[in-house]
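Novice: Chains as they are written, first to last, in my numbering: chain V, 8 to 286; chain Z, 8 to 286.
Hints in this document: simulated from the structure, not taken from any laboratory.
Heads up, some of the hints might be wrong.
Identical copies look the same in the list; a pair holds intra-copy or inter-copy alike.
Pairs of lysine to aspartate or glutamate, EDC-like flavour, derived with a Cα cap of 20 Å [what the hints assert, rightly or not]: (1) Lys78 - Glu51; (2) Lys248 - Glu140; (3) Lys24 - Asp229; (4) Lys78 - Glu275; (5) Lys78 - Glu274.
Protein chains: 2
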Amino acid sequence: MTLENISQNKVYQGWHKQYSHHSSSLQCDMQFAIFLPPNARQGEPVPVLYWLSGLTCSDQNFMQKAGAFRKAAELGIAIVAMDTSPRGEQVADDDNYDLGQGAGFYLNATQAPWAEHYRMYDYVTQELPKLIEANFPVSNRKAIAGHSMGGHGALTIGLKNPQQYCSISAFSPIVNPMQCPWGQKAFSAYLGHDIETWKPYDSCELIKQTDCQLPILVDQGDADNFLLEQLHTDTLVEAAKNYPGEINIRMQAGYDHSYFFISSFIEEHLAFHSQFLNA
Amino acid sequence: MTLENISQNKVYQGWHKQYSHHSSSLQCDMQFAIFLPPNARQGEPVPVLYWLSGLTCSDQNFMQKAGAFRKAAELGIAIVAMDTSPRGEQVADDDNYDLGQGAGFYLNATQAPWAEHYRMYDYVTQELPKLIEANFPVSNRKAIAGHSMGGHGALTIGLKNPQQYCSISAFSPIVNPMQCPWGQKAFSAYLGHDIETWKPYDSCELIKQTDCQLPILVDQGDADNFLLEQLHTDTLVEAAKNYPGEINIRMQAGYDHSYFFISSFIEEHLAFHSQFLNA
Chain V
8 MTLENISQNK VYQGWHKQYS HHSSSLQCDM QFAIFLPPNA RQGEPVPVLY WLSGLTCSDQ
68 NFMQKAGAFR KAAELGIAIV AMDTSPRGEQ VADDDNYDLG QGAGFYLNAT QAPWAEHYRM
128 YDYVTQELPK LIEANFPVSN RKAIAGHSMG GHGALTIGLK NPQQYCSISA FSPIVNPMQC
188 PWGQKAFSAY LGHDIETWKP YDSCELIKQT DCQLPILVDQ GDADNFLLEQ LHTDTLVEAA
248 KNYPGEINIR MQAGYDHSYF FISSFIEEHL AFHSQFLNA
Chain Z
8 MTLENISQNK VYQGWHKQYS HHSSSLQCDM QFAIFLPPNA RQGEPVPVLY WLSGLTCSDQ
68 NFMQKAGAFR KAAELGIAIV AMDTSPRGEQ VADDDNYDLG QGAGFYLNAT QAPWAEHYRM
128 YDYVTQELPK LIEANFPVSN RKAIAGHSMG GHGALTIGLK NPQQYCSISA FSPIVNPMQC
188 PWGQKAFSAY LGHDIETWKP YDSCELIKQT DCQLPILVDQ GDADNFLLEQ LHTDTLVEAA
248 KNYPGEINIR MQAGYDHSYF FISSFIEEHL AFHSQFLNA
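The shape of chain V in the complex, shown without the other chains:
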């Protein structure tokens, strides 16, 4: 559990810091970044939003491009952004951007050569929160959010672990990976060909039969190039009809899949989570 601080930048009177550590779940060295709001050292520990990024991202895409710190500083919310897969020369990889390093899909792989390192589900739900809560002035109140593959991660992890989180949100999530090319390719490789094993990692499957009552906010741009083939937001709308909690799925006119979209609504997501994190 040794953390090495590799960078720090003051931002909005708080701090953005990057760390590396050896991950026991992933069996490799990992980096993550944390934003600590200005009140984090003033007594009360602050709640944490865990951010899960999309394909090809590192811990830095969100931290550098989302424009989240003004509001997070104001609301007193820490943000943790992690990498999107295990990393390193010894870690299995693929030449394509949508499999292997940068494309961990927030699951525990069961198939060779992936099973040895690709256990992002355990990393996000167990190892990383323990590490964060042991080393930073934060409370155990957590929310989870993400973009695209990370939106899939936030929804599936939140729905399966309602006791761990206060709220869930997603931008442009891959909501039905069992039925789209990105998901089918990744799940075949990581989980094998028995599609029963895919269902615990599919938001549309999970939400139909969950006991989770966490509030959920989803934003999806209607000018997103990936909407029709990969994201399937309409399937989530249908599947969520009997969801026991509040779910708000918003189509945003004219917005695409980029961080320009995320930055336009991240303050609303932070305000959404704050209602429950700071309740």
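Knowing the structure of chain V, use the given hints to seat chain Z on it.
Specialist: Here is chain Z on its own, set in the frame of chain V:
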């Protein structure tokens, strides 16, 4: 004056758009980016903030990392971010990051091999504003701002062209390039060894004897790695003692040279410029 639109993203109800065009001042193809606030198409033309970036940057660093659009949308200010030098295989270059492509220093070079293309001063003060005002729903009210080498550019260009701009601001500017390694290297190459020719590109020289009365805001982080050797903020404080306009030079405790710093204060810079742009 043909513009080619190469990307567009809706952001904060406005638009971020990238264009390429052939520059007659620079004799090469150039890219720039523009943010148009949501009110830009609703009648009244909007004023424009020109942003000048630092060493190695393109038109995208500011647009992706500064977090400026929330406030610019609210205030109804367009933002134009340009590249930091002429570009292309036919354009003279250097292996180092602080000379040649990505390091144009916002001047008109007089020395071979630079003089043919390196005329960023003409590009910023003449060609680009004409292009912008001919092609977008903007007024002729302009402000100028920048970071590091671009802070030097904003200060020198603003001080020499007070009739063109309403206000000037800078983050971490190189205020006295004649007296720092970055400036001496670039000015020797671009302008030759007669230091009289350097003075029109040195903020500290200009501000001592200017008639410019434009309001100026400067922010400088006191944890900036480049402060002591390259930036020389204290020299500007001294040189500006008899400046005929209002000048506010702020040292910001704990902040460094990064976009995390810029993003922390860009809204204050936009509010500063808005007082004069929207007056």
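Novice: Could you work out which earlier hints the structure fails to respect and list their numbers in ascending sequence?
Specialist: 2
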